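Enquirer: Sequence:
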Amino acid sequence: MKTQLLLRGPHGVKPTEAGKLLLLRARAIVADLSRAEAEIRSLGHQPSGTVRIGLPGTISGILSVPLIARTRKNYPEIKIIISEAMSGFVREWLNEGRVDMAILYMDKSEPSIVSTPLLREELVVLLPKEASLKVLNARDALLNMPLILPTITHGLRNMVEHKLRMMNLFSDPAIEVDSYSSIKDLVANGYGCSILPHHAISGDVASGKLAYVGFDGSPIWRSAHLVHHSSRPMTSANLAVLDNLISTVDDLINSKIWEGAE
65 MKTQLLLRGP
75 HGVKPTEAGK
85 LLLLRARAIV
95 ADLSRAEAEI
105 RSLGHQPSGT
115 VRIGLPGTIS
125 GILSVPLIAR
135 TRKNYPEIKI
145 IISEAMSGFV
155 REWLNEGRVD
165 MAILYMDKSE
175 PSIVSTPLLR
185 EELVVLLPKE
195 ASLKVLNARD
205 ALLNMPLILP
215 TITHGLRNMV
225 EHKLRMMNLF
235 SDPAIEVDSY
245 SSIKDLVANG
255 YGCSILPHHA
265 ISGDVASGKL
275 AYVGFDGSPI
285 WRSAHLVHHS
295 SRPMTSANLA
305 VLDNLISTVD
315 DLINSKIWEG
325 AE
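The opening residue of the sequence shown carries number 65 in my numbering; numbering runs sequentially from there.
The hints are simulated quantities; they were obtained by calculation from the structure and are not laboratory data.
Certain hints may be false.
Said to hold, decoys possible - Taking lysine-lysine pairs in the DSS-like style, the calculated list, with each CA pair at most 25 Å apart, reads:
1) Lys137 - Lys320
2) Lys193 - Lys248
3) Lys137 - Lys193
4) Lys193 - Lys84
5) Lys66 - Lys84
This structure is a prediction, so every number in the text was calculated from the model and none was measured.
Go ahead and model the full structure; you've got the sequences and the hints to work with.
Expert: So this is what it looks like as structure tokens:
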């Protein structure tokens with residue numbers, strides 16, 4: 065290729081930038097060949113093969129088990145592999161071909177991504193339990209309590225900051241941490257308030273550990289989309305899992321298991 069792909073050093077061999085790019089493209093080619101093989105084998109038969117799904121952590125926690133259970137029942141020849149991370153990493157996996165489909169929080173479409181709106185989640189202000197008796201509403205909490213949010217690299221932070229600035233309620237966070245569980249622990253221990261999806265805190269509220277208030281009159285929602293890459297055709301197994309995923313989400317919302325979603 066008329067360029068160096070590997071560098072040998074005292075600790076072994078490492079790829080150059082060109083080598084990393086070649087590896088990335090090679091992985092995508094191998095994945096495409098595997099998909100093509102599975103699609104050819106399944107012609108005229110029940111869908112089969114491996115389907116890789118990328119999910120944000122909060123969605124994986126509520127969706128993964130029922131989705132796998134439904135798919136194993138309806139399509140026993142399909143194997144699902146679920147990978148979870150923050151939305152930014154999930155988007156990278158989709159672009160690199162490491163997952164076949166994903167759920168992403170996104171407000172605008174992208175030319176390389178085929179996107180279908182899946183649901184929207186209500187965001188609420190999370191409070192220490194004892195503060196619920198003193199706080200009148202979301203505005204009162206945000207103006208009078210320290211704010212705890214994910215870091216600027218987190219998709220939720222960008223959206224929340226934008227919405228709060230529009231409402232003249234944003235202040236620099238007193239604490240920044242990307243872990244939802246750490247945010248909830250910090251709030252429970254009185255370090256401030258936060259803004260999280262309703263379903264992410266419903267168990268803590270039900271157990272009496274935390275409280276919350278909504279944005280009365282002007283609720284804040286974030287939209288989740290089911291996506292796949294436009295350059296990679298969907299196999300019959302992909303389409304079967306996609307259909308099962310949509311049905312599973314509908315069931316979780318209609319049964320109120322996925323609280324705050326519609």
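Enquirer: Hint by hint, say whether it matches the structure.
Expert: Evaluated hints:
Taking the CA atoms of Lys137 and Lys320, the gap is near 23 Å; set against the 25 Å cutoff, the hint holds. Of the supplied pair hints, the one linking Lys193 and Lys248 holds, its CA atoms being roughly 11 Å apart against a limit of 25 Å. Proximity of Lys137 to Lys193 is assessed by CA-CA distance (about 41 Å); at most 25 Å being required, the pair is judged violated. Annotation: proposed proximity of Lys193 to Lys84 is violated, straight-line Cα distance about 50 Å (limit 25 Å).
Between Lys66 and Lys84, the direct Cα distance comes to roughly 15 Å. Compliance with the 25 Å bound is thereby established for this hinted pair.
Of the numbered hints listed earlier, those contradicted by the structure are 3 and 4.
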